[in-house]
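Visitor: Each chain, written out:
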Amino acid sequence: MELSKQEVLHIARLARLGIDDAEVDRLRGQLSDILGHFTVLSHVNTENVPPTAHTIAQSNVLGYDKPTPCLATDQVLSNAPEREGDYFRIRAVLE
Amino acid sequence: MIDVKSLTVIEAGKLLKAKEVSSVELTRAYLDRIDAVDPKIQALMTLTDELALAQAKEADARIAGGDVEALTGVPIVFKDVLCTKGIRTTCSSKMLENFIPPYDAAVVERLRSRGVVIVGKANMDEFAMGSSTENSAYFTTRNPWDISRVPGGSSGGSAAAVAAGLAPAALGSDTGGSIRQPAAFCSVVGLKPTYGLVSRFGLIAFASSLDQIGPFTRDVADNALVLNAIAGYDPRDSTSVPQPETDYYGCLGGSVKGMKIGVPKEYFAQGVTLQVKAAVDTALRVYEDLGCEIEECSLPTTDAALAVYYIIAPSEASANLARYDGVKYGYSFKDTDSMWQAMEKTRAIGFGPEVKRRIMLGTYALSAGYYDAWYVKAQKVRTVIRREFDAAFERYDALVTPTAPTVPFKIGEKAADPFSMYLSDICTIPVNIAGLPGISIQGGFAEGLPIGLQIIGKPFAEKTILKLGHAFQQVTEWHKRLPNI
Chain A
1 MELSKQEVLH
11 IARLARLGID
21 DAEVDRLRGQ
31 LSDILGHFTV
41 LSHVNTENVP
51 PTAHTIAQSN
61 VLGYDKPTPC
71 LATDQVLSNA
81 PEREGDYFRI
91 RAVLE
Chain B
1 MIDVKSLTVI
11 EAGKLLKAKE
21 VSSVELTRAY
31 LDRIDAVDPK
41 IQALMTLTDE
51 LALAQAKEAD
61 ARIAGGDVEA
71 LTGVPIVFKD
81 VLCTKGIRTT
91 CSSKMLENFI
101 PPYDAAVVER
111 LRSRGVVIVG
121 KANMDEFAMG
131 SSTENSAYFT
141 TRNPWDISRV
151 PGGSSGGSAA
161 AVAAGLAPAA
171 LGSDTGGSIR
181 QPAAFCSVVG
191 LKPTYGLVSR
201 FGLIAFASSL
211 DQIGPFTRDV
221 ADNALVLNAI
231 AGYDPRDSTS
241 VPQPETDYYG
251 CLGGSVKGMK
261 IGVPKEYFAQ
271 GVTLQVKAAV
281 DTALRVYEDL
291 GCEIEECSLP
301 TTDAALAVYY
311 IIAPSEASAN
321 LARYDGVKYG
331 YSFKDTDSMW
341 QAMEKTRAIG
351 FGPEVKRRIM
361 LGTYALSAGY
371 YDAWYVKAQK
381 VRTVIRREFD
391 AAFERYDALV
401 TPTAPTVPFK
411 IGEKAADPFS
421 MYLSDICTIP
431 VNIAGLPGIS
441 IQGGFAEGLP
451 IGLQIIGKPF
461 AEKTILKLGH
471 AFQQVTEWHK
481 RLPNI
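Chains as they are written, first to last, in my numbering: chain A, 1 to 95; chain B, 1 to 485.
If you're looking for bench data, these hints aren't it; they were derived computationally from the structure.
Any given hint might turn out to be false.
Stated by the list, open to error - In silico lysine to aspartate or glutamate, DMTMM-like type, Cα no more than 25 Å apart, as pairs:
| # | chain 1 | residue 1 | chain 2 | residue 2 |
| --- | --- | --- | --- | --- |
| 1 | A | K66 | B | D234 |
| 2 | A | K66 | B | E109 |
| 3 | B | K414 | A | E84 |
| 4 | B | K334 | A | E84 |
| 5 | B | K480 | B | D234 |
| 6 | B | K85 | B | D234 |
| 7 | B | K57 | B | E69 |
Since we're looking at a predicted model, the values are computed, not measured.
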């Protein structure tokens, strides 16, 4: 299971994770090694076995459609790296 | 001056109730112990001494008015993954270095309402990813039994705090063993409750289908007492399961004669040392003497559990950690030309190596072309593992295994090889995959280093595993040993 440099860069771009050349090389080796160990999964017969996303079977949780208290605007913005008035200030998405 | 290093929650509660000591006196004694000991082990990320003394005063007023519960006035430590209103919560990451939550996690709320005293937030592996607390972005916590060794992870700070007597109880979180493995390494009791028993509201998410909050204490009786306070339905967590109110402490005691214990043989392979195996064998003889029926059994898909975990957990983590984009809270890198560059740079600087590795692994497993081969396959194998446990629990009341395959390892020993580090959780991971409750109790020592004994129960059978753990502690002394620190 050998990942290419291009694959590592592609995954990093999908994850919006900046990585430098040294990290690309290191992650390439480590991820290839880890994924190599995971071929053990192919030895387990899963024909007609449904996937389990959550172990405790649950039905839908319904709630009343009524307003409940929420955080005040200042609390919501209290950890914002940058704010302008009652808004999060962000960089332009489209320029 | 009260000596707090061996004090249990129950003993502290009795002293407070009888007014032999005030909560302020007790809290000061713990703060003095933290001053003296924590520089050596570095269990705490944030010390909340002023808040603690203010809460202790409030607790004393409550006690004076006769409004006293089992935990009123008792100091406690929270893993830094739990949101605490007005108290910095870092998750041991640079990403959240200055994050001050505007609300409490549900478990913090519950404990505050019972009048506990918060003395600090515990160091951990960044975003709860790791098995040694070496992945903290700030410093490595040391094992109180040997400071050249790791305390386990990711709740290593919480486990070390209780072992070193910095607080009689702490809360941690367990995604693949992060409560039980450090409990074993530090010789304390650590419980991972059934998935859904304890609300995850306000727990900073790592892998949402696996994460569960639980207590660290010196003994099983204390553990049951803390579980009483934190368990219960919470509509704010959609995976919280409504359960009848249960008194876990009240179920302790009485005979365990006739209880059937299965011992899955696969848990004694996969790198389990002879020292650990011998300690577990000795513990099983104790259960035999208590009248339990012991039988070897098999969970044949155990060897695939690690792969299932390291596909599912990073996949969920890659989605959960997408929220750290430098906009709403947390670290933000601004000096770039575009929004995308700012986001990539923010995440490049804000996350440490293990977090990046897992985001990459998860993104890969979920990406087009690989989703069925890795993620869906892992979820199917998860079903197989759960079915094997279900079949075992038709025959046995509980399963007993080692908690960790080895005694605590040296700091730095596994740092260069992520996969060898991942193997540290080999005995605990299957329990999270199946959503079961598991407890680690003190199972013995080898060359002065602790060995943990894991007891696994069927879903919501916390009473059974606590009762078995308590019975063991009534006839053994391992839990009374203290580290020389």
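Visitor: Each of the hints needs a verdict: does it hold here or not?
Guide: Evaluation of the provided hints:
{"no.": "1", "hint": "K66/A with D234/B", "in the structure": "17 Å, holds"}
{"no.": "2", "hint": "K66/A with E109/B", "in the structure": "23 Å, holds"}
{"no.": "3", "hint": "K414/B with E84/A", "in the structure": "46 Å, violated"}
{"no.": "4", "hint": "K334/B with E84/A", "in the structure": "16 Å, holds"}
{"no.": "5", "hint": "K480/B with D234/B", "in the structure": "35 Å, violated"}
{"no.": "6", "hint": "K85/B with D234/B", "in the structure": "18 Å, holds"}
{"no.": "7", "hint": "K57/B with E69/B", "in the structure": "15 Å, holds"}
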